[in-house]
Amino acid sequence: MKMTQAEVKTQEYWRWPEYRRTVSEKDWRNASILTAGVDIGSVGSKATILVDGELYAYSVMRTGGVSQDTAVKVTTWALEGTDLEIGKLHYIVGTGYGRVNVPFAKKTITEIACHARGAHYIYGPTVRTVLDIGGQDCKAIRCDEKGKVLSFLMNDKCAAGTGRGLEVFADLISVPIQELGKVSLNVDQEPSPVSNTCVIFAKAESLALLRQGWPKERVAAAYHAAMADRIVDLLTRVGIEKDFVITGGVAKNTGIVQRLERILKIKPLEPKMDPILAGALGAGLFAKALYEKEQGLR
Amino acid sequence: MKTAGVDVGAKFAKVVILKDGQVIARAKMLVGFDVLKSASEVFETALKDAGLSRNDIQRVVATGMGRNTVLQKPPINADEAVSEVVADAAGAYQVVPTVKTVIDVGAEEGRGIKVEGGKVKDFVINERCAAGAGTFVEAMARALEVKVEDMGPLSIKSANTIPMNAQCCVFAESEVVSLIHSKISKEDIAKAIHDAIAGRISSMVLRVGVEKDVVLIGGCALNPGFRPPLEKELHTSIIVPDFPEYVSALGAAVIAANPMR
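In order, the protein sequences belong to chains A and B.
Convert by adding 46 to the 1-based position in the first sequence; the result is the number in my numbering.
Convert by adding 67 to the 1-based position in the second sequence; the result is the number in my numbering.
Just chain A, with the same shape it has in the complex (with noise of 0.2 Å):
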């Protein structure tokens, strides 16, 4: 089909698509606990629904402007299809940076505890550092054999090193984001890294590359490997111990994922699930510890 100019130019390429999934087959009529964990990410929001502690359902969408909808909007969703509602649910736990705005729950953990705790059960107990990538931060977690934060280091004031810098290079190259860290390892020989930290910066001196000629492969990469190495810096003053494993929406790019594990050379583990509901996860389980808890099951 041939694209007019117009039709071109409208075309949002940071959008990443939005999806719900049930991946069990278990019925929830059988089971004792049912338990929600709602991420109110700064940019993605993700509702997790656990039947007696195993993911049921989930679902992932960006979080628009008022953050209390998109909770309502994100765990509605997860539940479609089900027969389930939120009224059903024994304990909601709310976690990520707007936390505060899930209205429908009974308490809110911070998103380093959830991710530490999601990243336990997404690759098991011998994980024991992790790096979680997000629309808006950074975060190199330490935890122990149950999951539990030993230390964290966070990166949350600057876009360098967070989905959002990708967001901003997928536009200006005008390649999907969910592309883009293919792209950038379509080049012969790794390019020098993109000198400039800041995400403006770092915009207008890949613009300047490309105009020089460059092909876009070949800016992707500097870029990438310029934002490699900025996590690199976090993760290394927290300390990287192995197992390593990535979650948040960036581990799904494979041109951050695999300079990570060349410059650092330790290959992180694969994940058995999407890697982005990590925070969701670790807050829907801690959403069982605490029902079970308050019903004296434990």
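You can take every hint at face value.
Now the stretches of chain A that chain B is said to cover, found in silico as 3 or more residues with beta-carbon under 8 Å: (1) 209-223; (2) 242-253.
Heads up, simulated BS3-like pairs for lysine-lysine below, C-alpha to C-alpha not over 27 Å straight-line: (3) B:186 x B:279; (4) A:153 x A:119; (5) B:78 x B:115; (6) B:181 x B:167; (7) B:86 x B:140; (8) A:228 x A:313; (9) B:253 x A:203; (10) A:249 x B:104; (11) B:86 x B:69; (12) A:152 x A:194; (13) A:249 x B:214; (14) A:262 x B:78; (15) A:311 x A:192; (16) A:134 x A:152; (17) A:298 x A:288; (18) B:167 x B:186; (19) B:140 x B:115; (20) B:69 x B:104; (21) B:78 x A:249; (22) B:214 x B:299; (23) B:250 x A:203; (24) A:192 x A:298; (25) A:228 x A:249; (26) A:119 x B:250; (27) B:299 x A:203; (28) B:78 x A:203; (29) A:313 x A:288.
Away from chain B, derived, C-beta distances all over 12 Å, residues of chain A: (30) 64; (31) 132; (32) 197; (33) 238; (34) 288; (35) 316.
By construction, these hints were calculated from the structure, which means they are not laboratory data.
Positions of the beta carbon are idealized from the N, C-alpha and C atoms, including for glycine.
Use these hints to put chain B onto chain A, whose structure you have.
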């Protein structure tokens, strides 16, 4: 004696021509993709204005982030390149001889310089983060959908203080959009933007200390919304000289006239 100062900045190139200590021409122009070409064009404009040719100028000194591009390269053939900090100090001393602190906020850099007798005693620079430079106001103007030159006049109409949480230019764009959605007036948002950048610049400048007289130069000094919050943050009055964006180029021209300094 005739000398020239060429300040090749991140956004604008500025030229000042001096004749026996008096400015006889000044010109500025946006720096395009070809830095040497833009700088040369603006240099020719200033020469033409003064009715001179390159041969009439005894010495040319270049400064600014693109200073090495014009060093010993025709048609400018700059004899020497000096750092922005040195040029700022010399220029500010020329326009305000009592100056002790220079604050220079350009398109992509912010500087705080402690000066004595036109010489640099200490300095601090931000060149890494757009949130502490003119680019910040520009980006926010885009988010607010107003012209960048209207930002200052809008902001001084507001007496309200709305805190901005984002420290990053990219995050602040989203914050401005949510402020618009919360029906905050453009005036109040413009003020919040200027308060935010003034807060960052002042905390940087405070690292070298602030002593009167304080002189504000660079392109951002042209923005009337910038000085009031900066004065408030630093608890001092601030002098904005005429043609504040040319002070660095002037400093370079002064240095050119005093090669034995």
